[in-house]
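Here the protein sequences come in this chain order: V and H.
With the numbering used here applied, the first sequence corresponds to residues 16 to 360, in that order.
With the numbering used here applied, the second sequence corresponds to residues 5 to 280, in that order.
The hints are simulated quantities; they were obtained by calculation from the structure and are not laboratory data.
On a predicted model such as this, the values are computed, not experimentally measured, just so you know.
Be aware that one or more of the hints could be misleading.
What the hints assert, rightly or not - If we take Cβ atoms under 7 Å as the criterion, some of the chain V residues that face chain H in the derived model are:
id, residue
1, Pro90
2, Arg94
3, Arg95
4, Thr107
Claimed, not checked - From the structure, some residues in chain H lie toward chain V, with a derived Cβ separation under 10 Å:
id, residue
5, Pro77
6, Asp111
7, Gly115
8, Phe120
9, Met128
Think of the CB as a built atom: it goes at the ideal place given N, C-alpha and C, for glycine as much as any other residue.
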Amino acid sequence: MAIIEAHGLARTFTSRRQTVEAVRGVDLTVRQGEIVGFLGPNGAGKTTTLRMLTTLLRPTAGTATVAGADLLRDPVGVRRRIGYVPQAIGVTAGGTDPNCLVGEEMAIQGRLYRLSAGQAAERARLLTDQLELTGLEDRLCKTLSGGQRRRLDIALGLVHAPVVVFLDEPTTGLDPQSRSNLWEHIAGLRARLGTTVFLTTHYLEEADALCDRVLVIDNGKIIAEGVPEELKRRISGDVVTLSVSGDPARAKAILTGHPGVREISADGRAIRMTVEHGEEALPGMLRALDGDGITMESIQLARPTLDDVFLTLTGRSLRDDSPSGSQGPAETDDSALASAGRSHQ
Amino acid sequence: MTATIVTAPQSAAEQDQSGPVIFLADTMLIFRRQLRLSLRNPVWVIVGLIQPVLYLAFFGPLLARIASGGGMPGVSSGNPYGFFVPGLLIQLGLFGAAFVGFSIIADWRAGVIERFRVTPVGRMALLAGRVLRDVVTLSVQAVVLVLAGLAFGLRAPLAGVLIGLAFVAVVAVSLSALSYTVGLLLKSEDALAPLINMIVVPLMLLSGIMLPMTLGPAWLRDVARATPFGYIINAMRDAFAGHYFNSIVAEGIGVSVGLAIVCLWLAGRAFVRENA
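So here's chain V without its partners, still in its complex pose:
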């Protein structure tokens, strides 16, 4: 059974006589009990699509049914049945008031969903237990750690036991431990309650660890869709980046056709390759270059990341054109996290 079904969903923004097509005709289906990841760089249209599906933004075109209610004709019906956890990066935070007590936030959220005071308290007890927030009820939200605060954001989105929950960048900005802890909680949601989860992310690892299916969005359109393994197979191999002091064109010529090298491109003095079994192929590649008198300035070997999936799908890097300056700090966080994640591998 489809919990979310959207056809031709589109949204254009007009500012200063300029029209921006943030989302250009998205079709998607999410079945009951699925965990689906919406993957893409900042500005790709992930959040805009999510805001349309959660009734925060009216689509300029298209139709959708969410949790059995028509998005355009019955937005309140949609709101009653869905949970939404806003992103906690960039300009806005994840939805809790820093000066409210944890317990207060849980209580009012339940009441806003029309639960009685008793029902709201019951749900709050259950969720604080499930999301490991017990004992924090009398703390101000601003005193929580990043991971605790994010778990609280998520608990608030679940107060009314929604059939589907939308998580916007649930783990961005968290340290690796908090992230994997949150992944367990999100996976547990589906396992225990059969809750459908629709989340946005720009981490391939996150999609990998969590999602049954991934939709890749770029420039307002879905450009790929599939299970994470399938997406990674398109890359198949490690990403090797060499920086040479000699002539990069010659280096490129030498390495093209070298065993294991699949894709190769030169950018300035850097040569970027997709190499099968990179760590085994690397010594041979270096010997070949050395034999031709080309010396190396630096060598990098990495597992494929979303960035690489992206590069393969679009020919562009995820970080080349970060569209909004206001999300700068979030970008920095990302790269820090991404490299931290990589060093664990």
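Here the structure of chain V is known, so what remains is to put chain H in place on it, guided by the hints.
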């Protein structure tokens, strides 16, 4: 983690969403939340009260001296505070309510506005609960100011004072609704502060809070007549003097209620708007 499965009772969640009862219940939920937040950090309520009390203490005696010499047309030489306190009440209302827009920007930053907008709660209730909190806060401040005025020598009938406080409450509704609207549209404290100052300071000067506008030249009186607060202050002064049924009070009621309706309408549009 427990393995219990608890689903929210559907009967409660599927109830009718509209209607005045639900609206009032939602409004009270938001009101109580906002009030609790104010009480947790009452320093702003106190700071807001200090300014008019300082005027009362440091400016009131000067005014009383001039008035007792008969140098102020329209100011009773026997009861200058009956002139001065209504002005200070409006000043309190102007500055107390005009800056509440900052809090909605903070809420928007925290993601609280978005979070509430995705719940079934009516969006007008999100506004009404906040405005109600501001009205209650300001009314309490106004009562304190009137009591301080009594200590300085204000003499006014109780009915007149109550009418005056009602005017303050209506002004608070207008300005707080307007401030939330502008805050929600601008989403920037840096833009909101100068804008509010640019609007509120001239309005305050032109309303004759400190000195009667009748002292001014004709052009200044004409400009003042085009702004709303002069009418409201004059009506309050009449009420403090014990005159309740005349054209000045009627004008004051008309202007204050009209202003509140316009401001609430604008605020309603901003709050119900899709992308606010």
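Each hint tested on the structure:
no. : hint   : verdict
1   : Pro90  : violated (9 Å)
2   : Arg94  : holds (5 Å)
3   : Arg95  : holds (5 Å)
4   : Thr107 : holds (5 Å)
5   : Pro77  : violated (49 Å)
6   : Asp111 : holds (7 Å)
7   : Gly115 : holds (4 Å)
8   : Phe120 : holds (7 Å)
9   : Met128 : violated (13 Å)
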